[in-house]
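*Asks:* The lines below spell out each chain.
2 protein chains.
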Amino acid sequence: MAGVKELFEDGSSPAGRIVRAIAAIGAATATQLVKSTGLARSTVSTLLTELKDHGVVLDVDTKSNGFGRPSQLLSLNPVAGRCAGVLLGLGEIRIAICDLAHTVLSDVWFAMSEDYSPNDAARCVRASLEEQCAKLGIHLSDLLGVGLAISAPVTYEGEILNGSILPTWCGTNIAEVFSAQFDCPIHVENESHCGALAEMTWGAAVGEPDFVLFKFDLGIGGAIVLDGTVQRGSHGYAAEFGHMSLNPHGPLCRCGNRGCLETFAGGHQLLRYAEQSFGEPVTIEQFVERARKGEPGYTRLVEDAADMAGWGMGLAFTILNPPLFIIAGKLAEVGESFTTGLEKSFARHSVAPPAHSPEKRKPRFVVGTFRGNDDTVMGAVALVLRQHGRIANAASAVV
Amino acid sequence: MAGVKELFEDGSSPAGRIVRAIAAIGAATATQLVKSTGLARSTVSTLLTELKDHGVVLDVDTKSNGFGRPSQLLSLNPVAGRCAGVLLGLGEIRIAICDLAHTVLSDVWFAMSEDYSPNDAARCVRASLEEQCAKLGIHLSDLLGVGLAISAPVTYEGEILNGSILPTWCGTNIAEVFSAQFDCPIHVENESHCGALAEMTWGAAVGEPDFVLFKFDLGIGGAIVLDGTVQRGSHGYAAEFGHMSLNPHGPLCRCGNRGCLETFAGGHQLLRYAEQSFGEPVTIEQFVERARKGEPGYTRLVEDAADMAGWGMGLAFTILNPPLFIIAGKLAEVGESFTTGLEKSFARHSVAPPAHSPEKRKPRFVVGTFRGNDDTVMGAVALVLRQHGRIANAASAVV
Chain A
5 MAGVKELFED
15 GSSPAGRIVR
25 AIAAIGAATA
35 TQLVKSTGLA
45 RSTVSTLLTE
55 LKDHGVVLDV
65 DTKSNGFGRP
75 SQLLSLNPVA
85 GRCAGVLLGL
95 GEIRIAICDL
105 AHTVLSDVWF
115 AMSEDYSPND
125 AARCVRASLE
135 EQCAKLGIHL
145 SDLLGVGLAI
155 SAPVTYEGEI
165 LNGSILPTWC
175 GTNIAEVFSA
185 QFDCPIHVEN
195 ESHCGALAEM
205 TWGAAVGEPD
215 FVLFKFDLGI
225 GGAIVLDGTV
235 QRGSHGYAAE
245 FGHMSLNPHG
255 PLCRCGNRGC
265 LETFAGGHQL
275 LRYAEQSFGE
285 PVTIEQFVER
295 ARKGEPGYTR
305 LVEDAADMAG
315 WGMGLAFTIL
325 NPPLFIIAGK
335 LAEVGESFTT
345 GLEKSFARHS
355 VAPPAHSPEK
365 RKPRFVVGTF
375 RGNDDTVMGA
385 VALVLRQHGR
395 IANAASAVV
Chain B
5 MAGVKELFED
15 GSSPAGRIVR
25 AIAAIGAATA
35 TQLVKSTGLA
45 RSTVSTLLTE
55 LKDHGVVLDV
65 DTKSNGFGRP
75 SQLLSLNPVA
85 GRCAGVLLGL
95 GEIRIAICDL
105 AHTVLSDVWF
115 AMSEDYSPND
125 AARCVRASLE
135 EQCAKLGIHL
145 SDLLGVGLAI
155 SAPVTYEGEI
165 LNGSILPTWC
175 GTNIAEVFSA
185 QFDCPIHVEN
195 ESHCGALAEM
205 TWGAAVGEPD
215 FVLFKFDLGI
225 GGAIVLDGTV
235 QRGSHGYAAE
245 FGHMSLNPHG
255 PLCRCGNRGC
265 LETFAGGHQL
275 LRYAEQSFGE
285 PVTIEQFVER
295 ARKGEPGYTR
305 LVEDAADMAG
315 WGMGLAFTIL
325 NPPLFIIAGK
335 LAEVGESFTT
345 GLEKSFARHS
355 VAPPAHSPEK
365 RKPRFVVGTF
375 RGNDDTVMGA
385 VALVLRQHGR
395 IANAASAVV
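Residue numbers (my numbering), protein chains in the order written: chain A, 5 to 403; chain B, 5 to 403.
Treat identical chains as interchangeable: a pair holds within one or across any two.
List of simulated lysine to aspartate or glutamate pairs, EDC-like, C-alpha gap at most 20 Å: (1) LYS364 / GLU161; (2) LYS366 / GLU161; (3) LYS334 / GLU299; (4) LYS334 / GLU279; (5) LYS334 / ASP378.
No wet-lab data here; the hints were simulated from the structure.
Starting from the given sequences, assemble the full structure and let the hints guide the process.
*Replies:* Have a look at this one:
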């Protein structure tokens, strides 16, 4: 039998499908593997015995993951493969390394100049990963893949479609740039899509095949997950919730249109309003803290933002009819004054459930698990674990 | 080898998968079947030989369908199975019967009282189908399924969620009502979703796995198609485009919210505006004809509707990023004064393509193929051909 790396690369054989399914879930029961692979129970059972005999799969106890019944949980052998996730942010890069059992082995952050180039990024990420791998006693070539989270829509080929955070990167093929520095597969997605993958893998959406995530932070983004897959649309634009145009005569948006949701409820805009009113600059952290404490002006800004955010989520519901909304990002940390207002506005702007059974048709609202940019960097790791957003790489076969 | 009916019922065996794939496409090449079944080319080739030997599959020439390369097209033996589609409309029922080669064998229409009940409908549909089957020399029990198109969202279990056209039907389980009259499988979907299936099977969306359909008629509905599947959402509500709330202070909508797209661009509303202005009732056909001719008031109403319709489609694009929009319904028959205005408004209200490659990221706009309610009744037939929207039926196995 092949090793973990070969099995993980091989998405078509039954054993490869089981290895990929365990990698996505972390610690899985045999029943979950039957469901997620579509293989017969007897096939799964036989192959699991074989995979255990070869040290690819281990029995783990239920404590390692809050998932499934407290019967037997199976994990991939953690020493058998590592995945790296990279957040390419404004003036900073954060890198995490995880094993196939979903344990974080390394998590580093370093500053970059604000106008660093994609080539700078690739070189610095390579240098940092070499150092981190050395500390873990492995080699760079042992990585099963590197996932990149970008603050912009990204095409299936790795082309960055706009660059609100890193404006000069627009039009760059990030796949080509990173392939020059790495032999392993490269995966790329935009940061909100990564956030959804993180929630699916470790957070509020574990076991949820269908949901819509709204991330209310300095900008507004999101993700649509159908049947366990983050939807990307025809060019990687899907779920650009921040740019839903709510008022054709509203404020001009950085995207070139008017009255986008972001111009009403985006964190950047809220900070500008606060500065105008109170005469001093405020950080998003300060803003959230003051709104949490109920300081009047901040409370009102959050209530007004929640009103517009609920309208946007209502539109998304009328179009997609999801069973679950995950609310993520800094504004979600404000607490009930944001989420309660949002749900109230949602009810006024979403297609109404039928009078004969209103309650059971309502979607659930859940606040995301992650704080800060943890969702983004962990979602970048999940790109590799879930084999999402993989792009062409000369050095390895593309699935 | 089993007969067509047994193979069509059997969605799991390789031969059954091939039969279902041919039924969905109509006339298919072997290459198309390899792609749509996921089976190996050699398996498809061997099974096709066997299916031909048993008279299940026939070679047909390219003229029978404008689809694929002019090489060998394969169809199911048309005498081997028939599917019925039923449109349950306001004061009328229309029924079509098709064979498995997608040829319409029978198409009848009859009036009902405006307040006919679901039980009335089931009895009348049964009586009419018995008569039609007798004329075709077959028995009712030879039908592979009956598809029902309903003017309301319908759950996966067949529950009608609201009843704008047939208000008293709200809460009815249409599956149970029809199962009492029929031994064959029953399929149910809302009429706009049926319209998308008709366009996929015979119309403007043949060969298009991903698109969004907007239907601008007396009401406004639509469908989201991803990877060849009409999306239903968690409760059958998906793509309720007519009820996207565009103005929280706009006119009250029949759904209970304000400022829904339907209150600005729905045909019922346009007819009311025309009557208010010109002092006499006008039918949707008259309205479309006058707008086509460029009569001033009608032209302005259409332009204003197109402006709001383009906004709604822009929101759907920002959320879904589809490669193709199909524009269907009576308003699409007005022609360029509707579609040009709509595309112009769309560009102002959809997330903008990146400056470095604007043209290739734009979606295509195509007017639907069907006229009148042909899309609905043919979509009801396509429910059976494509095995979509099938509901529990005591008399037959449920897939």
